[in-house]
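Number of protein chains: 2
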Amino acid sequence: MKHRKITLSEQEIPEKWYNIIADMTNKPLPPLHPGTKEPIGPDALAPLFPMELIKQEVSGEKWIAIPDEVRNIYSIWRPTPLYRAYGLEKALDTPAKIYYKYEGVSPAGSHKPNTSVPQAYYNKQEGIKRITTETGAGQWGSALAFACNHFDIDCEVYMVKLSYNQKPYRKVMMNTWGAKVFPSPSDATEAGRKILAQDPDTTGSLGIAISEAVERAAMNEDTKYALGSVLNHVKLHQTVIGQEAVVQMEKAGDMPDIVIAPFGGGSNFAGLAFPFLRLNFDEGRNIRCIASEPTSCPKLTRGVFRYDFGDTVGMTPLLPMYTLGHNFVPAPIHAGGLRYHGAGVIVSQLLKDKLIEAVAHDNIEVFEAGVTFARTEGIIPAPEATHGIATAIAEAKKCKEEGVSRTILFNLCGHGNFDMKAYEDYFAGNIVRHDLTSEEIKASLAELETPEIE
Amino acid sequence: MKHRKITLSEQEIPEKWYNIIADMTNKPLPPLHPGTKEPIGPDALAPLFPMELIKQEVSGEKWIAIPDEVRNIYSIWRPTPLYRAYGLEKALDTPAKIYYKYEGVSPAGSHKPNTSVPQAYYNKQEGIKRITTETGAGQWGSALAFACNHFDIDCEVYMVKLSYNQKPYRKVMMNTWGAKVFPSPSDATEAGRKILAQDPDTTGSLGIAISEAVERAAMNEDTKYALGSVLNHVKLHQTVIGQEAVVQMEKAGDMPDIVIAPFGGGSNFAGLAFPFLRLNFDEGRNIRCIASEPTSCPKLTRGVFRYDFGDTVGMTPLLPMYTLGHNFVPAPIHAGGLRYHGAGVIVSQLLKDKLIEAVAHDNIEVFEAGVTFARTEGIIPAPEATHGIATAIAEAKKCKEEGVSRTILFNLCGHGNFDMKAYEDYFAGNIVRHDLTSEEIKASLAELETPEIE
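In order, the protein sequence lines correspond to chains X and E.
As numbered in UniProt numbering, residues 1 to 454 make up the first sequence, in order.
As numbered in UniProt numbering, residues 1 to 454 make up the second sequence, in order.
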């Protein structure tokens, strides 16, 4: 029997998170106050986040200990399996060796609980009674609901009304874990009521949902806000993925030449790639790390490196990021988790410094890749995850063309059980390409008032 | 950190299936020809099943080797994890130790691929080009689609039209793995066309879908039929569950006093329980094995032990089984996998001989148990799986009342990702009890022409 799967015991769940900032020569630039344009300190984040998470957000320490209580919950689904993709290799007739790390085994079905659990934990430690967040398709909202339920913290999720109506099952999942889910805009907040008064029939947006969740946290002592990607502490928590993968690749007697992950705000990419970048830093290795984004939202491949807001309405600090402009509205692709205008600051600096790479795939190519994967490896991937598969397939085909064998590892960041509508649309021929013209990108960026960073 | 999860490496996937018939003092009675009422031999099954599966169906050998090719595909999700349910124990404040084996990690989301994979394998070995089957809610159909896809066999699934329309996502899942799915009754078969001519608006039934799938197999040389429960070879294949669990319980330094599994046709119950019954046979242990069924379909707790048809229309051989009568129509509970009028012959004989036990739970009790489980252990269970949880909770409460600690193990046979509508109904107060009166059961059994077996 071929060895298809490399598993670890729960004793092998990492004991520390890896903070890549410690190893970066060019540290990320500081966030700026939206009004004064001056660098802001950690205190500015205190109304929204518990102090321990703020400390992690600005930490320069290389390793940060994972609390036992967090590792204990991680053990529900961690360590996650790492697979050799024999079926996919055979179908591609490639000399490449392809591996994937599978994060869909978590109760919420993706990598998101890797950070929702520590976020809920640190909030609980500081006596917080309620956590609010926004969610689009529902992956992040359900991960936070799962975590808050464990720590007996109230969870309020503001879910974009369009998704709330179109994807009721993610909402029921959150309810099952005890969370309250509001269609956003809602009448639970001032921001929501104002927008509803102007346009009672609006289907909402992620920007509006963020405003509602942030308002609830800012207005209530016992309430904080949680974010599922972009921020440094979120990326930090996700490094358990790559740390496990390093050990698993060693057990397989192999090491990747290329590491690939889908890219939305950067958290699942960071999770897999940063611990391999550490090997580049510490051991002088030369592992290529590739972020894979949709052509409909190409901030890494076609955006600019500039200070921009994290949210649509401009309430957050200005962050140094690759961006398409905070007013950019991506096409309504099924990979909702990749529809974000900007990239987190660490990943942006790494790309600027050419320490990582980025590629983009169109919507049809990724679904072809997803169906090929489902039929050769058995697991039906989430639409977000198909982007990493598409890059892995492209690299494996290059190996065949060049007649060389390389070892490719990608992050299968979630399963598609809640996304079968996407596959139904694909089989019905209702998936279309969403390629942006240069004019469209230029127009979106023209609204940005900040200069490009040299 | 507490040890929550016991995992095994892929090298520890069992190498043999356990055939409990070899250890039974009272062997199951033979199947009878529906016309002559005489015992039938293996040849009678040849039009529907490949010879290797028929040999397994009638085998008296205690151990049957699992082909390497099957173990290789098993390794996509096997060995499955075994968990200590610390969260549930704490919530129940019970001295009992509760463990569960989790089969929801398979690509199809339940234990069903444990048998669909070997069934597809043996069909492939004998040159079969197409396999047909019926499915209700879609668990079995998607497991067979997954397996056929791997072996490049065409898969035709006749899906009860009501479910086909109500649960489109299971259908899309089957399509993703390349299967053709027909709403049953369909115009692809004589049986379907006849019923459609009589009643064009019928929503179908499992009985009709079986007739269509069987007709396609009987009429075509290169086509066979596959069943997802009830038959001996199906139960045989599922024993990988219990064999792994025995090893995992030993690794946990523990052994169950009570083993529990939900009961539809008997396959997931057999899968977990038979290898523990083997310990009773071989080592003189006294492990109680409890089958858990819905009060709306109580063949084990309120049915009779009698020869009856396996299907609704009376095409199959007569089988010696606990039954509610083959015309029995269970209430439309969400646990579609438990809505079967009879029990497989091996389990029926074991119950008759008091080697196993059975209990029933009402529909509200099982959803309460399911939500309690989701909130304490994190995993949202399939409606079928909630029945085993309800029994485990009842036994853990007994431990508390009696002030004794017992070790309880149950089979969490699938996740609820495709069943969120059921939880939505539960939270909305739309789940109702379905208790049968004695008169209803008597009326259903009155149509049976065969005498009770002494």
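Worth flagging that the hints you see were computed from the coordinates, not collected in a lab.
Every residue, glycine too, gets a C-beta built ideally from N, C-alpha and C.
Among these hints, one or two may not hold up.
[Unchecked claim] Have a look at the derived ranges for each label pair, beta carbon to beta carbon: (1) Phe281/X - Tyr86/E: 35 to 41 Å; (2) Lys2/E - Arg285/X: 47 to 53 Å; (3) Lys421/X - Asp152/E: 26 to 32 Å.
[Unchecked claim] Taking lysine-lysine pairs in the DSSO-like style, the calculated list, with each CA pair at most 30 Å apart, reads: (4) Lys2/X - Lys397/E; (5) Lys5/X - Lys2/E; (6) Lys90/E - Lys129/X; (7) Lys124/X - Lys90/E.
Here is what the structure says about each hint:
Checked against the hint of 35 to 41 Å, the C-beta distance between phenylalanine 281/X and tyrosine 86/E comes to roughly 39 Å, which is consistent with it. Our hint of 47 to 53 Å for lysine 2/E and arginine 285/X is violated, since their Cβ atoms are close to 36 Å apart. A beta carbon spacing of about 28 Å between lysine 421/X and aspartate 152/E agrees with the range 26 to 32 Å that was offered as a hint. Our distance criterion of 30 Å between C-alpha atoms is broken by lysine 2/X and lysine 397/E, whose separation comes to about 45 Å.
At roughly 25 Å between alpha-carbon atoms, lysine 5/X and lysine 2/E fall within 30 Å of each other, so this suggested pair holds. Of the pairs offered as hints, the one joining lysine 90/E and lysine 129/X holds, with about 22 Å between alpha carbons and a cut-off of 30 Å not exceeded. Proximity of lysine 124/X to lysine 90/E is assessed by CA-CA distance (about 19 Å); at most 30 Å being required, the pair is judged to hold.
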